[in-house]
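Going by this note's numbering, the first residue of the sequence shown is number 11, and it counts up by one from there.
To be clear, the hints were calculated from the coordinates, so they are not data collected in a lab. Heads up, some of the hints might be wrong.
Stated by the list, open to error - Here are the simulated DSSO-like pairs of lysine-lysine, each with C-alpha atoms no more than 30 Å apart in a straight line:
id, residue 1, residue 2
1, Lys264, Lys533
2, Lys197, Lys43
3, Lys443, Lys433
4, Lys142, Lys132
5, Lys225, Lys66
6, Lys156, Lys142
7, Lys76, Lys399
8, Lys257, Lys43
9, Lys40, Lys242
10, Lys283, Lys67
11, Lys124, Lys26
12, Lys81, Lys225
13, Lys26, Lys54
14, Lys132, Lys225
15, Lys197, Lys148
16, Lys76, Lys403
As the list claims (entries may be wrong) - The following label-pair restraints were derived from C-beta to C-beta distances:
id, residue 1, residue 2, range
17, Glu25, Arg249, 51 to 61 Å
18, Gln135, Thr34, 21 to 31 Å
19, Lys66, Pro422, 53 to 63 Å
20, Asp426, Tyr282, 22 to 32 Å
21, Lys181, Lys132, 47 to 57 Å
22, Phe294, Glu267, 50 to 60 Å
23, Glu267, Gly460, 32 to 42 Å
24, Ser106, Lys26, 51 to 61 Å
25, Gly238, Tyr536, 44 to 54 Å
26, Asp406, Ile269, 37 to 47 Å
Here a beta-carbon is modelled for each residue, glycine too, at the ideal position from N, C-alpha and C.
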Amino acid sequence: MSWGTELWDQFDNLEKHTQWGIDTLEKCIKFVKERTEIELSYAKQLRNLSKKYQPKKNSKEEEEYKYTSCKAFISTLNEMNDYAGQHEVISENMASQIIVDLARYVQELKQERKSNFHDGRKAQQHIETCWKQLESSKRRFERDCKEADRAQQYFEKMDADINVTKADVEKARQQAQIRHQMAEDSKADYSSILQKFNHEQHEYYHTHIPNIFQKIQEMEERRIVRIGESMKTYAEVDRQVIPIIGKCLDGIVKAAESIDQKNDSQLVIEAYKSGFEPPGDIEFEDYTQPMKRTVSDNSLSNSRGEGKPDLKFGGKSKGKLWPFIKKNKSPKQQKEPLSHRFNEFMTSKPKIHCFRSLKRGGATPEDFSNLPPEQRRKKLQQKVDELSKEIQKEMDQRDAITKMKDVYLKNPQMGDPASLDHKLAEVSQNIEKLRLETQKFEAWLAEVEGRLPARSEQARRQSGLYDSQNPPTVNNCAQDRESSPDGSYTEEQSQESEVKVLATDFDDEFDDEEPLPAIGTCKALYTFEGQNEGTISVVEGETLYVIEEDKGDGWTRIRRNEDEEGYVPTSYVEVCLDKNAKGAKTYI
């Protein structure tokens with residue numbers, strides 16, 4: 011099967027077909043180019059989408075992403091960002107491996123096609139020239155033969171006429187011979203040109219045209235093969251990124267599987283737990299007592315005196331009703347029926363008072379007394395940890411200055427040691443201030459955790475005097491807190507003053523407080539990055555000391571050395587308590 015033998019007379023159609031083939035190749039290039047643009051646009055949109063839903067730094071959203079479900083969502087956004095990168099890779103590979111190569115090949119193909127058809131037209135022009143020469147010699151030979159016949163006929167006519175002179179007859183004979191010779195020459199020339207044309211025609215149809223058409227056929231077949239190779243490359247470019255895209259999707263699945271609903275629930279507890287006990291049972295109020303009263307004044311007064319305890323809530327229960335029930339302090343106002351109060355209790359919702367206070371923009375007390383106990387404990391612990399870090403930083407600076415001073419003492423030419431005394435004294439003063447601040451917050455923290463040492467006699471006397479003067483403030487602090495006009499968790503000014511006085515009294519007692527004893531050891535099961543204040547970072551397999559067990563909030567307090575301690579999630583460590591020697595093993 012050869013175009014040279016089968017399509018020897020289809021030069022023009024082959025020219026149109028090859029031009030169509032080049033147009034098809036350019037169409038493929040245009041298709042791939044538009045695909046790369048789509049991939050780039052898709053990747054850009056994916057990246058913008060991922061960026062749009064990323065949490066903003068130093069915002070409330072960033073705090074919400076401590077939950078495992080939110081962390082999984084962040085992982086999904088990151089994986090989608092990588093997924094978009096693979097679509098960019100597809101676009102780049104298609105542009106470099108298909109578009110560039112095909113564009114260069116199209117230019118080469120056009121040049122080759124132009125050369126082949128130029129040779130074909132040149133061969134056509136040559137055979138047409140030979141054909142014209144043949145036709146010209148043939149017409150000349152025909153003309154010469156006719157003229158020779160006419161000259162011969164004229165000679166014979168002159169020779170038969172007796173009236174013609176001999177000279178005229180001779181002249182006619184010579185003219186006939188000349189014409190006959192010219193016909194013979196034309197015949198020989200025509201025969202030669204005919205043979206040459208036949209040879210050229212045979213070469214044209216059996217050699218030149220087949221060779222040219224064979225080249226055109228090979229060129230067209232290479233073009234077809236190149237299109238097939240480009241299609242394979244088109245598929246392979248997609249196939250190459252499938253494993254990476256699969257890893258991205260696996261990462262999303264892994265992030266989804268890492269969601270721990272129990273852990274998220276525990277985080278909600280840690281975020282909003284107030285530390286208060288639920289309200290106690292409401293005591294029965296007997297309204298039948300007035301029916302049993304006597305008319306006498308003594309019985310009336312006795313019944314009133316005896317009725318008071320019955321109509322009051324127990325001290326314990328009364329102090330625990332403040333988050334839910336608003337009490338009226340006015341003794342003159344008539345009491346609401348029990349059913350109304352019960353309905354109010356059942357339909358009331360606990361309020362997060364500390365957040366309400368913050369929303370109002372009020373100043374936060376230094377001891378965080380406006381927060382519920384559990385939240386206050388965390389804030390105080392964070393403050394203590396911050397101060398400890400600042401103390402450690404100042405101590406490192408002091409050590410560096412001391413070393414520099416020693417160097418100056420040994421090498422006076424490097425500097426004056428006395429120039430560092432002022433800086434050293436300033437750093438020592440800062441350390442002392444930070445220690446005093448730490449002791450103050452540790453005293454408040456100890457008060458919250460219920461591990462305050464016994465008060466001194468002076469403190470007891472002050473406290474007793476204060477209790478006798480203001481019994482509702484001390485004994486029923488919860489009642490005073492709930493009776494704030496806005497329902498927020500706040501205390502009276504006198505109460506804050508008392509806390510400050512007591513904290514000042516306790517400062518001296520906590521000056522020489524020893525670190526908490528180690529009650530066991532723990533081994534880190536996973537790596538934990540302690541990014542929040544009050545936490546500590548641990549590495550998988552690391553062994554540390556346990557100084558405080560999990561109190562139900564999902565956190566265990568551990569210590570690495572005398573300056574590094576903090577909380578880690580209980581689920582991240584394997585705790586081994588030393589019950590026999592509890593409290594006797596102190597970290598040094």
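*Find the hints from earlier in the document that the structure breaks and name them by number, from lowest to highest.*
The structure breaks hints 2, 5, 12, 13, 17, 20 and 24; every other hint is satisfied.
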